[in-house]
Each structure stands twice: as structure tokens, then as C-alpha cells.
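Engineer: In this text, residue positions in the sequence shown follow numbering that gives the first Met the number 0: the first is 0, and each later residue adds one.
Because the hints were derived from the structure by calculation, they are not lab data.
Each hint should be verified, as a subset may be incorrect.
[As the list claims (entries may be wrong)] Pairs of lysine-lysine, DSS-like flavour, derived with a Cα cap of 27 Å:
| # | residue 1 | residue 2 |
| --- | --- | --- |
| 1 | K223 | K282 |
| 2 | K95 | K235 |
| 3 | K317 | K95 |
| 4 | K317 | K282 |
| 5 | K223 | K252 |
| 6 | K164 | K252 |
| 7 | K28 | K109 |
| 8 | K223 | K164 |
| 9 | K235 | K28 |
| 10 | K317 | K223 |
| 11 | K235 | K252 |
| 12 | K235 | K223 |
| 13 | K95 | K109 |
| 14 | K252 | K95 |
| 15 | K109 | K33 |
[Claimed, not checked] Derived DEER-like restraints, expressed as beta-carbon distance ranges:
| # | residue 1 | residue 2 | range |
| --- | --- | --- | --- |
| 16 | E208 | S286 | 25 to 31 Å |
| 17 | G9 | S132 | 20 to 26 Å |
| 18 | D274 | P16 | 52 to 58 Å |
| 19 | I17 | F111 | 44 to 50 Å |
| 20 | G288 | G191 | 30 to 36 Å |
| 21 | H78 | S247 | 44 to 50 Å |
| 22 | V152 | Q7 | 16 to 22 Å |
| 23 | E234 | R83 | 29 to 35 Å |
| 24 | D37 | G191 | 42 to 48 Å |
Note that the structure is predicted; figures quoted are calculated from it, not measured.
Ideal Cβ positions, reconstructed from N, Cα and C, are used throughout, including at glycine.
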Amino acid sequence: MVAQRPLQEGEDILLIPIDSIRSLHSIPKYITWKLPPDMCIHGLLAAELAVDQMRDSIAWRDVLPTLADFEAGLPFMWHEDLQRLLPSAARDILLKQQRDFHRDWSLFTKAFPDVPRDEYLVSWFRISTRTFSYETPQMETYPWHDRLALVPVADLFNHADGGCKVSYSPDGFEVCADRAYAAGQEVHISYGAHSNDFLLAEYGFVMAENRWDKVCLDDVILPKLGAAQRAQLEEKGLLGPFLLDAESLGCNKTQAALRLLCCTREQWQEFSLLDEYLVLAGKTLESIGLLQDGRDVQRELLRQRWEQIDAMVTRAIKRLDSRLD
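Can you build the whole structure from these sequences, using the hints too?
Structural biologist: Written out as C-alpha cells, the structure reads:
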């Protein structure tokens, strides 16, 4: 989305009327009647896209991503050898996606056996990648992460760390400029404070600069925790995920685990957990370089993510060394 004229900070730049929003209230009865009453909103909206094809919104429907678009970036669509090399945080999201899609597809195909799996799959990920949070009294019984709505046109904004404010009211969805924009500048919204592992698994891209980025150190911390240490951390709600960001030497959970494992400088140097993770990143990059499975664009995206992780861990080691000197 590009500004066609100068925009002022605080200016309302887009209003999507309430009648254009597609959510639980707008799904045709001939679809909901065939599906279980406890089916999630995500699955129901995907069913509407797959069956009804949004016939009354053809212009918007024609700009939605295709299955080929998703195959390039979304790990869900990748060869399993590439999936196995995902960072643990992205891999955990992938496993949940696989469970959730299998559940929704199983319910959908019983009701609509003539619709191909790929048609429902692309619809399911259109919902996953294009919806906004939305709440009505009708949705109160659904978990917060499933209170979703399709908002045509508003879903064309790309993501940035910060961006225009998005809000909804009885009139519809509004997008308000977060700062002044010159004509020709791209206008962004923020999908949330998400790491690149999250963005990769959920949306199929990573950001070159992401102030919310984190590395999950579970692969090197969890194997070293004994049963008593795990119990102690779990009792306090600190048993992972163990995260490292670009600014600190780990979140509260990471610091708590490291205090149990590495109480002194000598023990820290002995464990060298960050060095161990750096070795893991290097070996993973080597494995990616040797892979023949998948497409070039998929391997390149995975390589890019692991290079970001390598750089972040390297910076953390340098900060640690400077503190210990």
C-alpha cells in the first residue's frame, strides 16, 4: 500500500464499513448447518472461502495469495527435510498448524466431500495470514486467538515493526496514519510484536530488521536440566521457552535456567551454551547448503533465518565476554 498523496500523522486513511467485514456473523447458513457447532472460526471462514469463493467480492478475491504463493514461503508447504531444519520456535508453530489443519480438514471434508484438499488448504492459510482480531458478543465463547475477521483491502498492508494504528468500532475497521507520509512512500501496519521465527512460520517471510526478534535456546538448555531443576523451574512457571533477544542476555526464564546451570563465571565458560548454539547454527547452515530437496526460494529463506540467528548469538557472546572481562 503506497501513499498517493501526502498523509498527515493522525489522519484516517482507510475505513472499511462493517458490512464488508467477513466473520462469524456473515458465514452463510448453508455452510454452518453442515459443520459441527463447535468448529473454530478459522475453520469456518476457510470453509466459506473454499465453498462460496466470496462471489460478491471478486475484485478482492482475485488479489488473494495462491497456493503457489504460499508454497514459496510457508514451511507448512515445504519438504519434510527442510521442515526438520527449522528453528525450534518455528517448528513448534508448524506442528500446531499441522494438528489444527488436520482437525479442520477432517470436519470440512465430511460435510463437503467434493471440495479438493488443496482448495481448502489455500483457503485455510488465506484466513491464517489475512485476518484481523475482531470481537463481537457472539464470539465470547471462542478463544481470543480464534476471534477473527477478514477485512478486505485492509489486509493488503505489509508488516513493519511499527505502523499505522488499526482499530474497529460499530462503524467498521479504521486505519490511522502513525506519522506523516510523503506521496510514494509505502504505508505499513504492524501484525504484532513477533519474532522472525513466528513471521516465518505464520506468514512465510522474515524481516531484515526486527526489534522484536528472538532466538529460542531450548535445544541447548533443556537437555542439560535435570529432573529436579526442571521441577523447580516448572513450579515457578519458568520452564521455557528460553529466549535470547538482540538487546539482553536472555528473558527471565533464560536467566533463571542459566542461574541453575551456570552459577559462576567458570561454570558459564564450561557450559558455553551460547557457543554450543552457535555450533548448532553452523551445522544447520551446512545441512541447508547440502540439501537438494525443496525449492531454491525455500532453502534461501531458511538459510536467511539461520544466518540471522547466527548473528544474534554471536553478538550475545561478545556482550557476555565484555561483561566478564
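Engineer: Tell me the numbers of any earlier hints that the structure contravenes, in ascending order.
Structural biologist: 3, 6, 8, 9, 19, 21 and 24
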